[in-house]
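Asks: Residues per chain are reported as follows:
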Amino acid sequence: MAKSAAFQANVNSKCVIGTEVTVGTATLAAGTTIEMPVTEFSFSEKDKHSLGVAPFRAGLGGMTQSDDMVKWQRHDRMYEISVTFHGTAQAINRVCLALFGDGDGSNALLGNMPSTVQSHVKYGVANITPVTLWFENAGHAGLDTDMYFTSCMCTSFSLAGDVGSNGGVVMGTATFVTGFEPTQGALTFTGGTHTLLTAQTTMFNMHDMTTAQTLDGEDLVLYSFNLDIARTVNRIGFDQGNSFRPLGYAVGGYEVTGSLTCKRDDESAAAIDNVAGMVLDLDTGVFQVTAPKVFVDESSINFDDDGWKQVIPFRCTYDSAATTNPVVTINTAA
Amino acid sequence: MKVRPNKKYSELKDTENFISLGSTSTHLRLIAGEEVEIHKSHLPLNKKIKDCLVESKLKGVK
Chain S
1376 MAKSAAFQAN VNSKCVIGTE VTVGTATLAA GTTIEMPVTE FSFSEKDKHS
1426 LGVAPFRAGL GGMTQSDDMV KWQRHDRMYE ISVTFHGTAQ AINRVCLALF
1476 GDGDGSNALL GNMPSTVQSH VKYGVANITP VTLWFENAGH AGLDTDMYFT
1526 SCMCTSFSLA GDVGSNGGVV MGTATFVTGF EPTQGALTFT GGTHTLLTAQ
1576 TTMFNMHDMT TAQTLDGEDL VLYSFNLDIA RTVNRIGFDQ GNSFRPLGYA
1626 VGGYEVTGSL TCKRDDESAA AIDNVAGMVL DLDTGVFQVT APKVFVDESS
1676 INFDDDGWKQ VIPFRCTYDS AATTNPVVTI NTAA
Chain B
4 MKVRPNKKYS ELKDTENFIS LGSTSTHLRL IAGEEVEIHK SHLPLNKKIK
54 DCLVESKLKG VK
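From first to last, the protein sequence lines stand for chains S and B. Here my numbering is used: the first residue of the first sequence is 1376, the next is one more, and so on. Here my numbering is used: the first residue of the second sequence is 4, the next is one more, and so on.
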């Protein structure tokens, strides 16, 4: 065997999210895709598995492990994919669509989500919830061999912005999991609708927050924020004859938390002095994060040289007056 | 444009209702019988959905 000249590098790769039709089948050539404005990504290796090991036998003459006593454990494996990207309107919409089924720009996570479509994900059954994650030239053979993960479920989405970092661009990080073994090979999108990077020119930026940023109606001098939406996704069952693919997924409820870092002043003091749920409103005039029932979770102080900061961790809930009330809304087209 | 659902909305398949348009929140609110503001990205509505909705009129406007 000669040493291979194949290699993979970030510069040769890009990430595309494709809408699926049927669970277990990758995005069709004529499907809908979006090229994500990624800055970083990572994914599990194709031959990811743990090793199942039998217990030691008692007695001399065979205590040490034989090859009968270890097995690749593939029935419960979950591949994880993480992508960090610029917070463009289309990218945020697509991840919200994957996570809670709303991707039209209003992106409202309601108290009664997940919906049936989001929570009943079965192999071989039509469902638009799972996505295909395609990485160009990411196969072991390098150039011209792609790698893609079929029927991925979004488990978390974080938005994070800092006026002093990344040019103020609000960055998104989405994490997906799938129980399906990834494929190394070509997957081409020849028809359908494709949103390219060049079409994504509207970007969430902290420097554009020229309108008031408020918590409980109090104006904050906001340095940074993060908003984290997460849920559990567990695989159900396995099919040994078909690479131990899962028979479906079980999803949990959404947990929405976050944190604000703002100037410590009388406005921030009034904002954190409220035991009832209160309104959070972060607005650029185009992008707007709103949460109607925010509870502060142990605020603290950063003793920085450029002025003390109020750190306000929080948890978002919906107003129990109706389950259709929103927990959080990430509007990308206000 | 604000709308309410009529009885036919709940009979639409998920491939025909607002879930298929990427707006599960609109769908869930309509299923609950609530009045909903339709996001501009969905306008104009296709006939199948439009036939299952009743447009809300502003009170006092003749």
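No lab work stands behind these hints: they were computed from the structure. Wrong hints could be hidden among the right ones.
Unchecked claim - Per the computed footprint, the stretches of chain B lying under chain S, defined by three or more beta-carbons under 8 angstroms from a beta-carbon of chain S, are: (1) 18-31; (2) 35-49.
Said to hold, decoys possible - Subject to a maximum C-alpha distance of 25 angstroms in a straight line, what follows is the list of computed DMTMM-like cross-link-like pairs (lysine to aspartate or glutamate): (3) B:Lys16 to B:Glu37; (4) B:Lys43 to S:Glu1556; (5) S:Lys1497 to B:Glu14.
The C-beta atom is built at its ideal place from N, Cα and C for all residues, glycine as well.
Asks: Please flag the earlier hints that this structure goes against, numbers listed from lowest up.
Replies: 4
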